[in-house]
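Chemist: Each chain is listed here by its residues.
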Amino acid sequence: MDLIGNLATGFSVALTPANLGFCFLGALIGTLVGVLPGIAPITTIAMLLPFTFTLPPASSLIMLAGIFYGAQYGGSTTAILVNVPGESSAIVTCLDGHQMARKGRAGPALAIAAIASFAAGTIATLIIATASAPMAWLALKFTAPEYFSLMVLGLTGAVVLAHGAPGKAVAMVVVGLMLGLVGIDVNTGAPRMTFGIAELGDGIGFVPIAIGMFGIAELAVTLGRPQDRTLLDVKLGSLWPSREEFRASVPAMLRGTALGSILGVLPGGGAALSSFAAYAFEKKSSKTPERFGHGAIEGVAAPEAANNAGAQTSFIPLLTLGIPGNAIMALMVGAMMIQGVQPGPQVMTSQPELFWGVIASMWTGNLMLIVLNLPLIGLWVSLLRVPYRLMFPAIVLFCCIGTYSVGNSAFDVGVMLLFALLGVFFIKVGAEPAPFILGFILGPLMEENFRRAMMLSRGDPMVFLERPISAGLLILSAVLFAVLVSPALRSGREKVFQE
Amino acid sequence: MGRRVDIPDLAFAGFLLALGGLAFHLAGELQIGRAGEMGPGYVPRGLALVVVMMGLGMALRALFAGGRAFPAVAFRPLVLIGTAVALFALLLPRIGLALTSAAVVLCSGFAAADVRLRENLVLAVGLSAFAVALFIIGLRLPLRTWPW
Numbered sequence: 001m002d003l004i005g006n007l008a009t010g011f012s013v014a015l016t017p018a019n020l021g022f023c024f025l026g027a028l029i030g031t032l033v034g035v036l037p038g039i040a041p042i043t044t045i046a047m048l049l050p051f052t053f054t055l056p057p058a059s060s061l062i063m064l065a066g067i068f069y070g071a072q073y074g075g076s077t078t079a080i081l082v083n084v085p086g087e088s089s090a091i092v093t094c095l096d097g098h099q100m101a102r103k104g105r106a107g108p109a110l111a112i113a114a115i116a117s118f119a120a121g122t123i124a125t126l127i128i129a130t131a132s133a134p135m136a137w138l139a140l141k142f143t144a145p146e147y148f149s150l151m152v153l154g155l156t157g158a159v160v161l162a163h164g165a166p167g168k169a170v171a172m173v174v175v176g177l178m179l180g181l182v183g184i185d186v187n188t189g190a191p192r193m194t195f196g197i198a199e200l201g202d203g204i205g206f207v208p209i210a211i212g213m214f215g216i217a218e219l220a221v222t223l224g225r226p227q228d229r230t231l232l233d234v235k236l237g238s239l240w241p242s243r244e245e246f247r248a249s250v251p252a253m254l255r256g257t258a259l260g261s262i263l264g265v266l267p268g269g270g271a272a273l274s275s276f277a278a279y280a281f282e283k284k285s286s287k288t289p290e291r292f293g294h295g296a297i298e299g300v301a302a303p304e305a306a307n308n309a310g311a312q313t314s315f316i317p318l319l320t321l322g323i324p325g326n327a328i329m330a331l332m333v334g335a336m337m338i339q340g341v342q343p344g345p346q347v348m349t350s351q352p353e354l355f356w357g358v359i360a361s362m363w364t365g366n367l368m369l370i371v372l373n374l375p376l377i378g379l380w381v382s383l384l385r386v387p388y389r390l391m392f393p394a395i396v397l398f399c400c401i402g403t404y405s406v407g408n409s410a411f412d413v414g415v416m417l418l419f420a421l422l423g424v425f426f427i428k429v430g431a432e433p434a435p436f437i438l439g440f441i442l443g444p445l446m447e448e449n450f451r452r453a454m455m456l457s458r459g460d461p462m463v464f465l466e467r468p469i470s471a472g473l474l475i476l477s478a479v480l481f482a483v484l485v486s487p488a489l490r491s492g493r494e495k496v497f498q499e
Numbered sequence: 001m002g003r004r005v006d007i008p009d010l011a012f013a014g015f016l017l018a019l020g021g022l023a024f025h026l027a028g029e030l031q032i033g034r035a036g037e038m039g040p041g042y043v044p045r046g047l048a049l050v051v052v053m054m055g056l057g058m059a060l061r062a063l064f065a066g067g068r069a070f071p072a073v074a075f076r077p078l079v080l081i082g083t084a085v086a087l088f089a090l091l092l093p094r095i096g097l098a099l100t101s102a103a104v105v106l107c108s109g110f111a112a113a114d115v116r117l118r119e120n121l122v123l124a125v126g127l128s129a130f131a132v133a134l135f136i137i138g139l140r141l142p143l144r145t146w147p148w
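Protein chains in written order, with the working numbering: chain A, 1 to 499; chain B, 1 to 148.
One or more of the hints may lead you astray.
To be verified - Derived CB-CB ranges, DEER-like: (1) S285(A) / I137(B): 54 to 60 Å; (2) L140(A) / P142(B): 20 to 26 Å; (3) P147(B) / M337(A): 32 to 38 Å; (4) L139(B) / G459(A): 32 to 38 Å; (5) L139(B) / V479(A): 47 to 53 Å; (6) I137(B) / K103(A): 47 to 53 Å; (7) A129(B) / P166(A): 44 to 50 Å; (8) W137(A) / G21(B): 52 to 58 Å; (9) G57(B) / S12(A): 38 to 44 Å; (10) K103(A) / A18(B): 50 to 56 Å.
In short, the hints are calculated from the structure, not lab data.
By construction, the Cβ of each residue, glycine as well, lies at the ideal position given by its N, Cα and C atoms.
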């Protein structure tokens, strides 16, 4: 099928009233959590995951995706007006966006941020639509060794891009892989590491882990930090950017979109990394780098375009290969699997409505977001005045109800509590939970492909190096890893994370 | 003397050793098999071994890498939110969603340093009503509303 036909299929799904409604709901919730500091999109997606299980698969993915890219829009509003990133990918938007607000240019900064996000979202949707078909076609040639090597690459990427010590990130991946294996072994039916607990037969629940680590644990740690929400009493003024501002930001948007689209596809990549890289690139390539940090419009346009593009293109590996590139995509895999959809290249051929419907919905969602954001900005700002102490008890309650409702099981709530405590421990010792959740999701898949590959080769591990695609992927992983432990890059990486 | 030790790293190493050791023990009861025909215990055992080795390496480094104290933990939110979650698991099957929600909100509300009693009470009643309306009436989750 050609691109137009595919997109037509997609829009026929995305434009049904029900799916438009879920898309709108997702975008709205996403904007809301994006605006509110202290509530991350991953928390929200984890929290709402259980409630999407009753929806049709396409609707549920459309809504969850909407939350993710919606948060990229919302995050910039808080960054510009309050100088607090509503969301981690908006950190760099604070630098110049807030300076513009101080100079009375808050309106144009917000407008450029929204326009940049929309432009990037539109382009990224087209990129996903064109890149997915060849990717999925390539993936259909994959057999067990290739899949195994691909997952090695994905996990390596997650380690390279994790904050903090690489050793800890590797350990977290391995712990995740190991805990992913708890439950009945699919090949032999033997219960593994279950302590004889019947509830663990199907493995440790994905929802309790995700909600515990990304919902409750984050919340408990956030509450321990001092809250700072002094709202800048800025006049929004006119939203329209001046001609010069517009002219300066268009190329920056395009550069940001290009960079973000590439970084989003990389394993471990996504929105936050894209915005950092785009800001750094704009500053380096500018003829007047001294303007950055004092209200340069390019410093708003490029990262805002990049984070939205990165957020969207990080769906490519998920939709075509079934491999999540970051923690949010790991939650999406969880959502798909509980819906009974096995993520992988076959989704595109066996369920084209789902595949293209989600892609097309990204564009309708972006259109809705620009409408939601610009005229309603006053409403979002007033939400910032709601104190956090009125919000977090609701999150705790919804996390509990969500976890319980998956299997009507109080046991799951207990598991969630355990992983919440573990999550706090991980945060305190400086071990990131994102590599863990990726390992946990990929654990059973990796083991299955590893066992199958080794069985076909009769126990000869060389099979992973004899097949060209598999060897290429492993070599790439090794290079990435070597670069990671080389001292030169390590200092550079720390610098990037510090900025 | 204790100054030289990296406490967070040592704690993480301890966690790895404990978890890896436990997994190794549990997986030991499973059939291992051969590389060409792996039993259910092959991969878990291998991974547990890797975890233990990483734990050992990290522990050694933490002992000599130089001092870092364990970061401050805000126990108030941790304990209160943890208790709220435990309350939910214990109470929901017994007394229904309405009262459980109120208890969870009341308990977790005190995790905020700037909590106000009356505000928290209102929030508990409001969120409880909202939860019943949304989850039982709206989404029709199979939950009881009241203890009876």
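Chemist: Hint by hint, say whether it matches the structure.
Modeler: Results for each hint:
| no. | hint | in the structure |
| --- | --- | --- |
| 1 | S285(A) / I137(B): 54 to 60 Å | 56 Å, holds |
| 2 | L140(A) / P142(B): 20 to 26 Å | 41 Å, violated |
| 3 | P147(B) / M337(A): 32 to 38 Å | 36 Å, holds |
| 4 | L139(B) / G459(A): 32 to 38 Å | 51 Å, violated |
| 5 | L139(B) / V479(A): 47 to 53 Å | 49 Å, holds |
| 6 | I137(B) / K103(A): 47 to 53 Å | 50 Å, holds |
| 7 | A129(B) / P166(A): 44 to 50 Å | 49 Å, holds |
| 8 | W137(A) / G21(B): 52 to 58 Å | 46 Å, violated |
| 9 | G57(B) / S12(A): 38 to 44 Å | 55 Å, violated |
| 10 | K103(A) / A18(B): 50 to 56 Å | 55 Å, holds |
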